[in-house]
Amino acid sequence: MLKRYKEEFHGRKFQFILTDLKGVVLESDQHLLAVKEKELIGDVHPFFFSLPEIMQGDERTTSFHCVQLGDRTGELTTDITVEKVDKRLLVIIENLTDHYLSYQSIAQSRNESIIDSELILLKNHELQERERFKNEFIQNFSHELRNPLTNIIALTNILQRSNLNEEQTGILEVLKGSTSNLKLMLEDILSLAMISKGKLALNPTVFNFRQFIEFIRLTYTTRAQEKGLAFALTADEKIPEYIEGDRLRMLQIVTNLCDNAIKYTEKGKVALYIALNQKRANTINLRFGVKDTGQGIPEEKLETVLESFEQLGKSEGAGLGLAIVKGLLALMNAQIKIQSIENEGSHFYFDVTLKYPLHHQSTLLTSKHAVTHTSPKISKTPKKFKVLLVEDNEHVQTSLLKTLIDTGDFFIDLVGDGALVMQEIVNKHYDIVLMDVNLPNITGDQLAKVIRGLPFKNIKKIPIIGITANSYKEQIKAYKKAGMNIVLSKPFDDVELIKTMYKLLR
Amino acid sequence: MHISKKIVVLGHFGVGKTSLIRRFVENSFSDNYKVSIGVHIVKKEVELSEEDTVSLILWDLEGTDDISRIRDSYLLGTHGLIYVFDVSRPSTFQTINDDLKKLEKRVKGVPVKVVGNKTDLILLDELKTVLDGKEISYDYLTSAKTGEKVNDLFEQLAKMLALDAEKI
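Quick mapping for you: the protein sequence lines, in order, are chains A and B.
Residue 197 in UniProt numbering sits at position 197 of the first sequence; the count goes up by one each step and never skips.
Residue 93 in UniProt numbering sits at position 93 of the second sequence; the count goes up by one each step and never skips.
None of these hints come from the bench; they were simulated from the model.
One or more of the hints may lead you astray.
[Said to hold, decoys possible] Some residues of chain B that are not near chain A, with every Cβ distance over 12 angstroms (derived):
#: 1; residue: F29
#: 2; residue: D52
#: 3; residue: I67
#: 4; residue: T92
#: 5; residue: T95
#: 6; residue: D98
#: 7; residue: G109
#: 8; residue: P111
[To be verified] Calculated lysine-lysine pairs in the DSSO-like style (CA-CA distance at most 30 angstroms, straight line):
#: 9; chain 1: B; residue 1: K44; chain 2: A; residue 2: K84
#: 10; chain 1: A; residue 1: K22; chain 2: B; residue 2: K159
#: 11; chain 1: B; residue 1: K159; chain 2: B; residue 2: K105
#: 12; chain 1: B; residue 1: K108; chain 2: A; residue 2: K87
#: 13; chain 1: A; residue 1: K477; chain 2: A; residue 2: K460
#: 14; chain 1: A; residue 1: K13; chain 2: B; residue 2: K34
#: 15; chain 1: A; residue 1: K123; chain 2: B; residue 2: K44
#: 16; chain 1: A; residue 1: K84; chain 2: A; residue 2: K13
#: 17; chain 1: A; residue 1: K199; chain 2: A; residue 2: K183
#: 18; chain 1: A; residue 1: K123; chain 2: B; residue 2: K34
#: 19; chain 1: A; residue 1: K499; chain 2: A; residue 2: K383
#: 20; chain 1: B; residue 1: K134; chain 2: A; residue 2: K197
#: 21; chain 1: A; residue 1: K134; chain 2: A; residue 2: K337
#: 22; chain 1: B; residue 1: K128; chain 2: A; residue 2: K123
#: 23; chain 1: B; residue 1: K134; chain 2: A; residue 2: K22
#: 24; chain 1: A; residue 1: K449; chain 2: A; residue 2: K499
#: 25; chain 1: A; residue 1: K38; chain 2: B; residue 2: K44
#: 26; chain 1: A; residue 1: K269; chain 2: A; residue 2: K238
#: 27; chain 1: A; residue 1: K227; chain 2: A; residue 2: K279
#: 28; chain 1: B; residue 1: K105; chain 2: A; residue 2: K84
#: 29; chain 1: A; residue 1: K3; chain 2: A; residue 2: K134
#: 30; chain 1: A; residue 1: K123; chain 2: B; residue 2: K145
#: 31; chain 1: B; residue 1: K105; chain 2: A; residue 2: K22
#: 32; chain 1: B; residue 1: K134; chain 2: A; residue 2: K84
#: 33; chain 1: B; residue 1: K44; chain 2: A; residue 2: K36
#: 34; chain 1: A; residue 1: K38; chain 2: B; residue 2: K43
#: 35; chain 1: A; residue 1: K13; chain 2: B; residue 2: K43
#: 36; chain 1: A; residue 1: K22; chain 2: B; residue 2: K43
#: 37; chain 1: A; residue 1: K36; chain 2: B; residue 2: K43
#: 38; chain 1: B; residue 1: K134; chain 2: B; residue 2: K113
#: 39; chain 1: B; residue 1: K134; chain 2: A; residue 2: K134
#: 40; chain 1: B; residue 1: K134; chain 2: A; residue 2: K87
These numbers were taken from a predicted model, which means no experiment stands behind them.
Here a beta-carbon is modelled for each residue, glycine too, at the ideal position from N, C-alpha and C.
Chain A extracted, bound-state conformation:
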């Protein structure tokens, strides 16, 4: 009885096949596979095809694990042992389907998880590459735009000082407005690229916060009125008069939020509030918020509205404002938050911690933040100065020459090649050098270094103004280190240039 049970048990799990050395079946049971006597074992299943060839070697026994012998009728996963016995081959097949089935499910989940994580990493890498490419493209492209934009600004200013009739003046105003917008957009694009590349560092200084607020009030009251909107600004009176922070970047954040609110509001009002959340020994935490009664943001757009180039519908601008706000606030360890109801309005706000000086003399305040648009002619001096203008770009040459000549204060020599500069400087006496950094043969900063190393006292101290399309802080620092007194980044306007020149000639 026991023998019968044993046979039944083993019978379900094993099959024994005996063949000759060529693979012709001599004997077989039929427990797992249907095998006929005298047929070639290779015809039973393709697995067996190569057995006779394999067993021609010296090996007496060979084992194969986890061999799938199943067909469409069912799974059959086996371990197979082949033994050479008396010039015959004994094939022992053990059915281990259940055992290997559990291994299969483990392998399935392990492999899927590895493949998924690999694909996520690849996707992430691809996104980073795209971001890097985008930033490099933006940076290069915006640098390329700086030269022509500088010319447009300079020539527009020159044109404004010529005799224009009323119609021409009107057209010129539109031209100036567009140029100014273009310049702002270019600066936004560059800021964003620099934030993305981690190259933008904050430059905190102590500044008059009340003046800062007043500047915003004046600017946006006018701007809102132009669109028929009301603008309200409230600031907690307990906020110290002087605070320490990057004024320029703070202004960029607030103006971007206000611009955005005005842009998307057709009627009603825009309100900016600044509340004091907390005040400690020398730090304050402020909440800045901008509320509007505009079109609001659809819920599905709330997540993406802070991304670059995202805009609500068709509107002017590049859609960079909020992305810049997000990036700048991240540098300040702050985060923009948005509440919005479609067709009712939006509320953008953030909390930021800033330092404030405990004792700050009002006299330390300078008027450098005051916005003035002085005509270059106002600074006219009785003396005429000799200027060496070093610039290879013909368009820039023209606009700079016109700007300088228009003041009536300068005699100008023009050199287009860096290699000729030293000869000019040594042989003629100049009061100031105005020099492009990117020159053929020898660059402007290299020239500045050589000039500063000359043995002639009157020449080595000559003021040098560098002009560059590069706006990276570290690069400008390097130009100054090479010997340039001041470096102007394109695009700059002629007022800025002339003021800088007078400052150095004083």
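We have chain A; now place chain B onto it with these hints.
Chain B only, in chain A's frame:
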């Protein structure tokens, strides 16, 4: 003339070895990934001419990222190898040159075809640049999904093995 040749198809897991074989044998494709364990063997006859046919006995091995873990018994009596990698997953072709050297030591003189599969997922120009950069040479770039170059791969291999058999 009728000959039979054992071909072992190997490579990392998830590169599409089973899909390539299924495309060639059954002319079908499934997007569902089912892990192969151990070895699955199928046979397909390739007609080279009216008189000449080659039976390819295709051993579809369980994928592994460590080629040295492939059991010796699976490689016994092999006439040809197909090393498959996934063109969209660099991890499946980063060690290819080392893997091929290791295989050469284990199955001396056996011809190997290197196949980049899943070309439907990426741009071929980009792929070729990447492979050139890594000094990886390949024989076929296939897509089991679209069938691109799949028959070419097996048929060319069959022809090559038949020619070798004639020489012997």
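Compute the least Cβ-Cβ separation between B:I67 and chain A, then decide whether it is above 12 angstroms.
-> holds (16 angstroms)
Regarding the pair A:K199 and A:K183, is the alpha-carbon distance no greater than 30 angstroms?
-> At roughly 20 angstroms apart (the allowed maximum being 30 angstroms), A:K183 and A:K199 satisfy the hint.
Starting from B:K105, check that the Cα of A:K22 is at most 30 angstroms away, please.
-> holds (28 angstroms)
Verify the proposed pairing of A:K22 with B:K43, using a straight-line Cα cut of 30 angstroms.
-> OK: A:K22 and B:K43 at ~19 angstroms, within 30 angstroms.
Is B:K159 close enough to B:K105, meaning Cα to Cα at most 30 angstroms?
-> Holds. B:K159 to B:K105 sits at ~25 angstroms (cutoff 30 angstroms).
B:K134 paired with A:K87 [C-alpha distance capped at 30 angstroms] = Distance ~51 angstroms between B:K134 and A:K87 Cα, so the pair is violated.
Starting from A:K123, check that the Cα of B:K44 is at most 30 angstroms away, please.
-> Judged against 30 angstroms, a Cα distance of about 38 angstroms means the pair is violated.
Has the given pair, A:K449 with A:K499, been kept, meaning a C-alpha gap of at most 30 angstroms?
-> holds (24 angstroms)
Does the structure keep A:K499 and A:K383 at a Cα separation of 30 angstroms or less?
-> holds (16 angstroms)
Regarding the pair B:K105 and A:K84, is the alpha-carbon distance no greater than 30 angstroms?
-> With Cα atoms ~27 angstroms apart, B:K105 and A:K84 stay inside 30 angstroms; holds.
Under the criterion that the straight-line Cα-Cα distance not exceed 30 angstroms, is the pair A:K38, B:K43 satisfied?
-> holds (21 angstroms)
For the pair supplied as a hint, B:K44 and A:K36, confirm whether the alpha-carbon distance does not exceed 30 angstroms.
-> With Cα atoms ~22 angstroms apart, B:K44 and A:K36 stay inside 30 angstroms; holds.
Going through the hint list in order, the structure does not satisfy hints 4, 15, 23, 27, 29, 32, 40.
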